[in-house]
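Asks: Hey, can you work out the whole structure from these sequences and the hints?
Okay, here's what each chain looks like letter by letter:
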Amino acid sequence: MMLTDLTLAAARSGLRQRAFTSRELTEAHLAAIEALNPRLNAFITVTGEQALAQADAADAALARGDERPLTGVPIAMKDLFCTEGVRTTAGSRILGPFVPPYESTVSANLLRAGAVFLGKTNMDEFAMGSSNMTSAYGAVENPWKRRQDADAVLVPGGSSGGSAAAVAARLALGATGTDTGGSIRQPASFCGIVGLKPTYGRCSRWGVVAFASSLDHPGPLARSVEDCAVLLGAMAGHDPKDSTSADVPLGDYQGACGRSVKGMRIGVPREYRADGMPEEIEALWRQGVDWLREAGAEVVDVSLPHTKYGLATYYIVAPAEASSNLARYDGVRFGLRTNGKDLCDLYERTRAEGFGAEVRRRVLIGTYVLSAGYYDAYYLRAQKVRALILRDFTEAFARVDALLTPTAPSAAFVQGEKMDDPIKMYLNDLFTVPADLAGVPAISVPAGLDANGLPIGLQVIGKPFDEETVFAVGAAIERAASFDALPTIRAGTAQ
Amino acid sequence: MSYSVEGATGPWEVVVGMEVHAQVISKAKLFSGAPTDFGAEPNTQVSFVDAAFPGMLPVIDRECVAQAVRTGLGLNAHINVVSRFDRKNYFYPDLPAGYQISQYQHPIVGEGTIEIELADGSARAIGITRLHLEQDAGKSLHDQHPTKSLIDLNRAGVALMEIVSEPDLRSPEEAGAYLRKLRTILRYLGTCDGNMEEGSMRADVNVSVRKHGDPYRTRCEVKNVNSVRFVMQAIEAEAKRQVDVWESGGTVEQETRLFDPGRGVTRSMRTKEDAHDYRYFPDPDLLPLVLDESWIAELKAELPELPDAKKRRFVGQYGLPAYDAGVLVAEQATADFYETVAAQRDAKQVANWVMGDFFAALNRTGRTVADSPVSAENLGKLLDLISDGTINGRIAKQVFEAMVATGHDPGSIIDAQGLRQVTDTSAIDAAVERVLAANADKVAEYRAGKDKLFGFFVGQVMKAMAGKGNPALVNEVIRRHLGN
Numbered sequence: 003m004m005l006t007d008l009t010l011a012a013a014r015s016g017l018r019q020r021a022f023t024s025r026e027l028t029e030a031h032l033a034a035i036e037a038l039n040p041r042l043n044a045f046i047t048v049t050g051e052q053a054l055a056q057a058d059a060a061d062a063a064l065a066r067g068d069e070r071p072l073t074g075v076p077i078a079m080k081d082l083f084c085t086e087g088v089r090t091t092a093g094s095r096i097l098g099p100f101v102p103p104y105e106s107t108v109s110a111n112l113l114r115a116g117a118v119f120l121g122k123t124n125m126d127e128f129a130m131g132s133s134n135m136t137s138a139y140g141a142v143e144n145p146w147k148r149r150q151d152a153d154a155v156l157v158p159g160g161s162s163g164g165s166a167a168a169v170a171a172r173l174a175l176g177a178t179g180t181d182t183g184g185s186i187r188q189p190a191s192f193c194g195i196v197g198l199k200p201t202y203g204r205c206s207r208w209g210v211v212a213f214a215s216s217l218d219h220p221g222p223l224a225r226s227v228e229d230c231a232v233l234l235g236a237m238a239g240h241d242p243k244d245s246t247s248a249d250v251p252l253g254d255y256q257g258a259c260g261r262s263v264k265g266m267r268i269g270v271p272r273e274y275r276a277d278g279m280p281e282e283i284e285a286l287w288r289q290g291v292d293w294l295r296e297a298g299a300e301v302v303d304v305s306l307p308h309t310k311y312g313l314a315t316y317y318i319v320a321p322a323e324a325s326s327n328l329a330r331y332d333g334v335r336f337g338l339r340t341n342g343k344d345l346c347d348l349y350e351r352t353r354a355e356g357f358g359a360e361v362r363r364r365v366l367i368g369t370y371v372l373s374a375g376y377y378d379a380y381y382l383r384a385q386k387v388r389a390l391i392l393r394d395f396t397e398a399f400a401r402v403d404a405l406l407t408p409t410a411p412s413a414a415f416v417q418g419e420k421m422d423d424p425i426k427m428y429l430n431d432l433f434t435v436p437a438d439l440a441g442v443p444a445i446s447v448p449a450g451l452d453a454n455g456l457p458i459g460l461q462v463i464g465k466p467f468d469e470e471t472v473f474a475v476g477a478a479i480e481r482a483a484s485f486d487a488l489p490t491i492r493a494g495t496a497q
Numbered sequence: 005m006s007y008s009v010e011g012a013t014g015p016w017e018v019v020v021g022m023e024v025h026a027q028v029i030s031k032a033k034l035f036s037g038a039p040t041d042f043g044a045e046p047n048t049q050v051s052f053v054d055a056a057f058p059g060m061l062p063v064i065d066r067e068c069v070a071q072a073v074r075t076g077l078g079l080n081a082h083i084n085v086v087s088r089f090d091r092k093n094y095f096y097p098d099l100p101a102g103y104q105i106s107q108y109q110h111p112i113v114g115e116g117t118i119e120i121e122l123a124d125g126s127a128r129a130i131g132i133t134r135l136h137l138e139q140d141a142g143k144s145l146h147d148q149h150p151t152k153s154l155i156d157l158n159r160a161g162v163a164l165m166e167i168v169s170e171p172d173l174r175s176p177e178e179a180g181a182y183l184r185k186l187r188t189i190l191r192y193l194g195t196c197d198g199n200m201e202e203g204s205m206r207a208d209v210n211v212s213v214r215k216h217g218d219p220y221r222t223r224c225e226v227k228n229v230n231s232v233r234f235v236m237q238a239i240e241a242e243a244k245r246q247v248d249v250w251e252s253g254g255t256v257e258q259e260t261r262l263f264d265p266g267r268g269v270t271r272s273m274r275t276k277e278d279a280h281d282y283r284y285f286p287d288p289d290l291l292p293l294v295l296d297e298s299w300i301a302e303l304k305a306e307l308p309e310l311p312d313a314k315k316r317r318f319v320g321q322y323g324l325p326a327y328d329a330g331v332l333v334a335e336q337a338t339a340d341f342y343e344t345v346a347a348q349r350d351a352k353q354v355a356n357w358v359m360g361d362f363f364a365a366l367n368r369t370g371r372t373v374a375d376s377p378v379s380a381e382n383l384g385k386l387l388d389l390i391s392d393g394t395i396n397g398r399i400a401k402q403v404f405e406a407m408v409a410t411g412h413d414p415g416s417i418i419d420a421q422g423l424r425q426v427t428d429t430s431a432i433d434a435a436v437e438r439v440l441a442a443n444a445d446k447v448a449e450y451r452a453g454k455d456k457l458f459g460f461f462v463g464q465v466m467k468a469m470a471g472k473g474n475p476a477l478v479n480e481v482i483r484r485h486l487g488n
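The listed protein sequences correspond, in order, to chains F and X.
Note that this note's numbering has the first sequence beginning at 3, numbered continuously upward.
Note that this note's numbering has the second sequence beginning at 5, numbered continuously upward.
FYI, nobody ran anything at the bench for these hints, they're computed from the structure.
Glycine included, each C-beta is placed from N, C-alpha and C at the ideal position.
Mixed in with the good hints, there may be bad ones.
Claimed, not checked - Think about it this way: if two alpha-carbon atoms lie no more than 27 Å apart in a straight line, the pair counts; the simulated DSSO-like pairs of lysine-lysine are: (1) F:Lys386 - X:Lys143; (2) F:Lys343 - X:Lys143; (3) F:Lys243 - X:Lys92.
To be verified - Distance windows between CB atoms, simulated: (4) X:Lys31 - F:Lys386: 38 to 44 Å; (5) X:Pro265 - F:Pro424: 31 to 37 Å; (6) X:Asp41 - F:Leu345: 24 to 30 Å; (7) F:Val416 - X:Met273: 51 to 57 Å; (8) F:Val416 - X:Lys31: 23 to 29 Å; (9) X:Arg271 - F:Glu397: 56 to 62 Å; (10) F:Arg383 - X:Arg271: 17 to 23 Å; (11) X:His280 - F:Gly278: 42 to 48 Å; (12) F:Asp378 - X:Ser231: 39 to 45 Å; (13) X:Thr255 - F:Lys386: 35 to 41 Å; (14) X:Leu122 - F:Asp249: 21 to 27 Å; (15) F:Gly418 - X:Leu262: 51 to 57 Å; (16) F:Arg383 - X:Leu122: 26 to 32 Å.
Claimed, not checked - Derived coverage of chain X by chain F (criterion: at least 3 residues anywhere in the stretch with Cβ under 8 Å from a Cβ of chain F; other residues may be distant): (17) 45-59; (18) 166-174; (19) 181-195; (20) 203-209; (21) 278-286; (22) 289-297.
Replies: What follows is the structure, given as structure tokens:
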């Protein structure tokens, strides 16, 4: 077995038992990145030297008995997290050569836990997208291939597409992502890995380049539920620098993964169906319900009646916040500047050159819905519907401990598909958006393959700050599914 | 007598409302924790939050909130236990985030009142609509480089209180009185230094005119007026302009104007058409601001005595006329000075000295109470020396001027200059005898009934004694010698 094939938890044990060193583990991953990243384009920046220095420091720490939750474990950072001294792009041209003079709280927490950073992963520009096609640094290739059409280049999902592809192809043991409308869970589903979006406020947003502040959730991606639990435990925690960070004690996430679901009540929301959703996703969902029932859970039908308004609500609230959050990219203080004949010209040229089409579209939508005369009809109304969506969850969680749904209405699609019609692309987020709007935790766990041999994930949604139940149910699905399919492109495969 | 602008069609009433931006006295900025030192080198008081670097987030400063609550309490206003911050979006290089964090819909302080006093002794209550917290912007410097504008972000993110009045003011005089009273209250509270020249207090003035008894007409906002005098001039100029527009058949358009103090006119800055659409919405980076009732009560209990209460107390405790009390409480330092001197002394005499010779000396020397050459202690000693008969009132004025000039205490000045009052009746007798002998003709006239000459004799005796004679004794001795 190759070192890159280990789960994060197994690698950690190996390090602690001195079965191998962090340098060996890190070198194996850097070699895999060197071999595969030219094709996958999962990393925008690889920090090899820094990674090896961190690995050596980790080996020294382990030698003196300083074992922290992630000592010596090589992981990847989505390029939305500001990393001190390491270029941070947010997948956009507008940040230009921006090198943050500060470390995001989440990445600082991970460093404190002993993690080794391999580099910064590719992503949709400013996390706006579901395919990683909007990155200014090129598309990312999904390491999975269709059985029938092995030449087709598939998208890894988005916006955390680089993180998902890197973890699936064994270029990293785990990665950070951010989920605003599904940007952790949908790429996790497309790439056959696990992705968790914790409760809003669980992971600090300080130092994370903002897309939509009330919806941005940092979280982990990894190849097992337990790995995600380990990562969340190291990433999360109250941060006084983020006013929306919650001062709620962390749970025993790793322990929760071994907890039985016996006696739990699992809700199946009847609204999580889409026109044209493949029957195999529907079938896998039923399979998931059966697995949980067999594991001793009680399954009940629930209704979340405002689900159908989720996407429309999201595509008002998120662009509104984004239009304001992205105003700071004006060419005045940092990043790209394109000079013009006067101040307005400088703004217009800088932003026209710096932002891609999808970002421009959302800034325009957001500006529109906040404008005088439209605010009440769009933004205010969307906020009211958002409250109703949250109420749906609150009422459902009065009856059940967790909800089970599909993660996405499709498996990975071909690069370039759905690019002609933004609405088609937005439909990817249909099942993931409600949990973002409500701020409740949700996980995507790979549960099976479609007819093309592509992975499909199931989603478990939990109560606010009850990530433990989400991990317990997710791990039960994982055990029952015993998903062991491998992507075509992965470390060690010949290219 | 109410103020009006005389037009060709008769008198017009002026309607004025004020929006005052008061920079909060606080060690830290409103959301960034960066320091707020005034006059520091450009761009040295700036955090990454102030410069709106990617991923930076605002965290509210507790002391700034406390200052807003104190101010609200000082304005007899309702404190809103729940308030909220909104983003006001517009692009400008000295606004790094592209939005200002402000309180648009749910301000921290609601309705209150300020009582103003006018020169004729009348008083009026002016309504406060609201007070909200917001960030200040940085400064654009257009005169430092031939082709470039420079940006100083030291001020960016500093806490401001925007204090909005009802359109209750009816004359430039009332507007001036309102601003001065507001400044007094802020200074008493220690929540703003009220320094308009340095820009830590700035006024936007909303002006409209109407025929008495008519509904309000369109108003114009005169922005960023930086002294009380200019505010009063701006209102007068703007009201006259509007009357001319209406009377010449035109319509006053709602717009933002600037006052040009040099020419004494207002001019258009931007019209309604190019007004910004600020796209206000609740700032998703901040939770609603929820105040603890008990914390508000604590802040209330710690408030200093405010000018209105102090004035009432001065009238009651010291028996001062309302006008005098009002003058003495206008500045906290003056009130403290007065009270220090007045303790155990004749309060009215002290008021006369403070408001008379003392204020005149400050004016003449360009000093303030704080750096006055005459301390409260020394002024008190001077008054004691009058009442114990060491010097008389006239010599006291002379001693006081020496105190202003040297800063010395009155006792040493009196000793050095030999100004001690003469109460020895034999010395006075001798002086009176000399004066009467030298003015035998006047004595005859006096005796013939020209009573007014008595004052002449007193003056001559005092002159002969170099002013040091005890006035009561001098009078008595002269009277005795003249035999009446």
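Asks: Taking the hints in turn, state whether each one holds.
Replies: Against the structure, the hints:
For the proposed pair Lys386 (chain F) and Lys143 (chain X), the alpha carbon gap of about 39 Å is over 27 Å, so the pair is violated. Between Lys343 (chain F) and Lys143 (chain X) the alpha-carbon distance is near 22 Å, which keeps this suggested pair within the 27 Å criterion. Taking the CA atoms of Lys243 (chain F) and Lys92 (chain X), the gap is near 22 Å; set against the 27 Å cutoff, the hint holds. For Lys31 (chain X) paired with Lys386 (chain F), a C-beta distance near 40 Å keeps the hint of 38 to 44 Å intact.
Checked against the hint of 31 to 37 Å, the pair Pro265 (chain X) and Pro424 (chain F) fails, with Cβ atoms roughly 54 Å apart. Take Asp41 (chain X) and Leu345 (chain F): their Cβ atoms lie about 29 Å apart, and the range 24 to 30 Å holds. Taking the beta carbon of each, Val416 (chain F) and Met273 (chain X) are about 56 Å apart, inside 51 to 57 Å as hinted. For the pair Val416 (chain F) and Lys31 (chain X), the supplied restraint of 23 to 29 Å is violated, since their beta-carbon distance comes to about 58 Å.
Between Arg271 (chain X) and Glu397 (chain F) the Cβ separation comes to about 60 Å, which falls inside the hinted range of 56 to 62 Å. Checked against the hint of 17 to 23 Å, the pair Arg383 (chain F) and Arg271 (chain X) fails, with Cβ atoms roughly 41 Å apart. For the pair His280 (chain X) and Gly278 (chain F), the beta carbons lie near 44 Å from each other, so the given range of 42 to 48 Å is met. The supplied range of 39 to 45 Å is met by Asp378 (chain F) and Ser231 (chain X), whose beta-carbon atoms lie about 41 Å from each other.
Our hint of 35 to 41 Å for Thr255 (chain X) and Lys386 (chain F) holds, since their Cβ atoms are close to 39 Å apart. Under the hint 21 to 27 Å, the C-beta atoms of Leu122 (chain X) and Asp249 (chain F), about 53 Å apart, miss the expected range. Take Gly418 (chain F) and Leu262 (chain X): their Cβ atoms lie about 55 Å apart, and the range 51 to 57 Å holds. Under the hint 26 to 32 Å, the C-beta atoms of Arg383 (chain F) and Leu122 (chain X), about 50 Å apart, miss the expected range.
Residue count for the stretch 45-59 of chain X with a Cβ under 8 Å from a Cβ of chain F: 6. That meets the three needed, and the coverage hint holds. Requiring three or more residues with a Cβ within less than 8 Å of a Cβ of chain F, the coverage given for the stretch 166-174 of chain X is violated, as only 0 such residues are present. For the stretch 181-195 of chain X, the stated coverage by chain F is violated: 0 residues have a C-beta nearer than 8 Å to a C-beta of that chain, whereas at least 3 were required. Requiring three or more residues with a Cβ within less than 8 Å of a Cβ of chain F, the coverage given for the stretch 203-209 of chain X is violated, as only 0 such residues are present.
With 4 residues bearing a CB less than 8 Å from a CB of chain F, the stretch 278-286 of chain X meets the requirement of three and the coverage assertion stands. For the stretch 289-297 of chain X, the proposed coverage by chain F is satisfied: 3 residues have a C-beta within less than 8 Å of a C-beta in that chain, meeting the threshold of three.
Checked against the numbered hints given earlier, this structure breaks hints 1, 5, 8, 10, 14, 16, 18, 19 and 20; the rest are met.
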